[in-house]
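Engineer: Single-letter residue listing:
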Amino acid sequence: MVDGTDTGKSGSDLGRTSASVTSPDAKSWFVREILPLEGLLMHLLNRYLRNPTDAADARQDVYVKVYEAARTQLPDAPKQFLVTTARNLVIDRIRRKQVVSIEAAGDLERFTIPSDEPGPERTAEARSELGRLRRILDRLPPRCREAMILRKIEGLPRRDIASRMGISETAVAQHLALGMRVVADELDALDTGSEP
Amino acid sequence: MSEVGEASATITDARNRIDDEAVAWVERSDREDWTSNDQAEFDAWLSQSDAHMVAFLRVESRWRRADRLAALRGSVGPGAPVISRRGGGILSRLVAGAAVVLVLSGGWFALSRSKTPLTHYATTIGGHKPIKFSDGTQAELNTDSQIRVRFDAHSRTVWVDKGESFFQVAHNADRPFVVFVGSERVTDLGTKFTVSRLSDRVRVALIEGRAEIDVPDRPEISKKVLVPGDVAVATATSLSVTKQTLRDIRDDLAWRRGLLILNHTMLADAAAQMNRYNERKIIIADTAAAQQRIDGTFPANNVDLFGRVARNILGLRVTQSGNDIVISR
Chain A
1 MVDGTDTGKS GSDLGRTSAS VTSPDAKSWF VREILPLEGL LMHLLNRYLR
51 NPTDAADARQ DVYVKVYEAA RTQLPDAPKQ FLVTTARNLV IDRIRRKQVV
101 SIEAAGDLER FTIPSDEPGP ERTAEARSEL GRLRRILDRL PPRCREAMIL
151 RKIEGLPRRD IASRMGISET AVAQHLALGM RVVADELDAL DTGSEP
Chain B
1001 MSEVGEASAT ITDARNRIDD EAVAWVERSD REDWTSNDQA EFDAWLSQSD
1051 AHMVAFLRVE SRWRRADRLA ALRGSVGPGA PVISRRGGGI LSRLVAGAAV
1101 VLVLSGGWFA LSRSKTPLTH YATTIGGHKP IKFSDGTQAE LNTDSQIRVR
1151 FDAHSRTVWV DKGESFFQVA HNADRPFVVF VGSERVTDLG TKFTVSRLSD
1201 RVRVALIEGR AEIDVPDRPE ISKKVLVPGD VAVATATSLS VTKQTLRDIR
1251 DDLAWRRGLL ILNHTMLADA AAQMNRYNER KIIIADTAAA QQRIDGTFPA
1301 NNVDLFGRVA RNILGLRVTQ SGNDIVISR
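Read top to bottom, the protein sequences are chains A and B. Under the working numbering, the first residue of the first sequence carries the number 1, and numbering increases by one thereafter. Under the working numbering, the first residue of the second sequence carries the number 1001, and numbering increases by one thereafter.
It is possible that part of the hints are untrue.
[To be verified] Derived coverage of chain A by chain B (criterion: at least 3 residues anywhere in the stretch with Cβ under 8 angstroms from a Cβ of chain B; other residues may be distant):
1) 25-35
2) 62-68
3) 77-88
These aren't lab readings, by the way, just hints derived from the structure by calculation. Where is the CB? At the ideal position from N, CA and C, for every residue including glycine.
Chain A with its partners taken away, still in its complex shape (with noise of 0.2 angstroms):
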């Protein structure tokens, strides 16, 4: 259960092959199949598990078992295959009383989305795009905002950046690094807040 974390703290010289053997087609259906459905696996997570913080700590997990089982074997249904795989993590912790909100234990049954039926991730994709970067981008800090607008609009390398905003190429890294941090995190991300 925790073994995305046992590799991950293995350290900087401890390479493993099992990555050189991947094939191009896990990463390509991770991407292309998997990812966009983050806004209903956090719903679903952040539903079961105690916070923010364990829900995205429960996200790397399903991601990481659902991309080994892709290396052996592309999954039929991939939305599906997310919901079950994040459903037996959430009994596995539920089952070991960890990071699991009291509500949990009763209300498992509706951790099933019908794959026929419209989940709420269809809404989020409905919206254009460009509409969720340029939101995305509006709820940015300002400097942060600026220096994403003059590398994703205008195009403009970082040196340019830096001497247009009168800062460092430094800074212009760290405000783009909060700025893909916050893409990644909203792009997939369910529009509303609040129980579809």
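Dock chain B against the given chain A, drawing on the hints supplied.
Structural biologist: Using the frame of chain A, we list chain B on its own:
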């Protein structure tokens, strides 16, 4: 069973670190001066674990998708690198650190434009300041905390800028009590709660009464009603409410008596808590020590006692490093 529970904070640390590393790699690979050395280092990192791979794919693919923003070129003038000023300043505070507002006694709060001056209150590291207001409301500032307060005839507004503050609000239907922390809003209909703002994480725990919490600048995040035992946690991107026992919440408030109550707490967390109260820091040197659990009630300012418990009860090595103490397996 318990070894899994003990891993929880370590899992979070590892996941945060991996996410940070993934962002750092994507940022670096987005530069113009990417070298073959960078590539080799990056390949080595990527091959270390599937967790690295999925974290990287997650950041990289969405960063690529953000290239679509280039479609806005021209509509956003180069001299005016701003897409929309509307609400931007306030919204950006949510990203920097979420906010909380508590309003007493139903009804919508109206942020006063009064010219009543702001009063500042602050504590330094290790400090503790009880405050009594003229309306009967009491507040207590924990270590290293700052609040600003403005009371006038129609409203009572508090901004928690840093640290943690406990509030016991005197009810007054005509003067709503509003606490802002960053950009999130909690409307308090009840009486006792604690609000903290530590790094980019805002936490509100309700002990008595009722409260509403929302983020005024992000209407897509729906308002939530808190009842006793509810703990709302807001980060840059989310607002969620969970349950804790009142006993746990009260234990967390032991700082009001100068104490820290640790209940099977990971040593790493315990040290982080102690370090909020002391200039002398406790440094946990290795993962094995960090994962040890510690129980007990500690005077928050007694670093030496903490060290002695680590040595004598947990059997860890405790050494001095300058002014600080270092705990290791």
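Engineer: Are the hints correct? Go through all of them and say.
Structural biologist: Hint-by-hint comparison with the structure:
1. Counting residues of the segment 25-35 of chain A whose C-beta sits closer than 8 angstroms to any C-beta of chain B gives 4, which meets the bar of three, so the coverage hint holds.
2. Proximity of the segment 62-68 of chain A to chain B, defined as three or more residues with a beta carbon under 8 angstroms from a beta carbon of that chain, is established by the 4 residues found.
3. Taking a C-beta to C-beta cut-off of 8 angstroms, the segment 77-88 of chain A contributes 0 residues in contact with chain B, too few for the three needed, and the coverage statement is violated.
When each numbered hint is compared with the structure, a violation occurs for hint 3 only.
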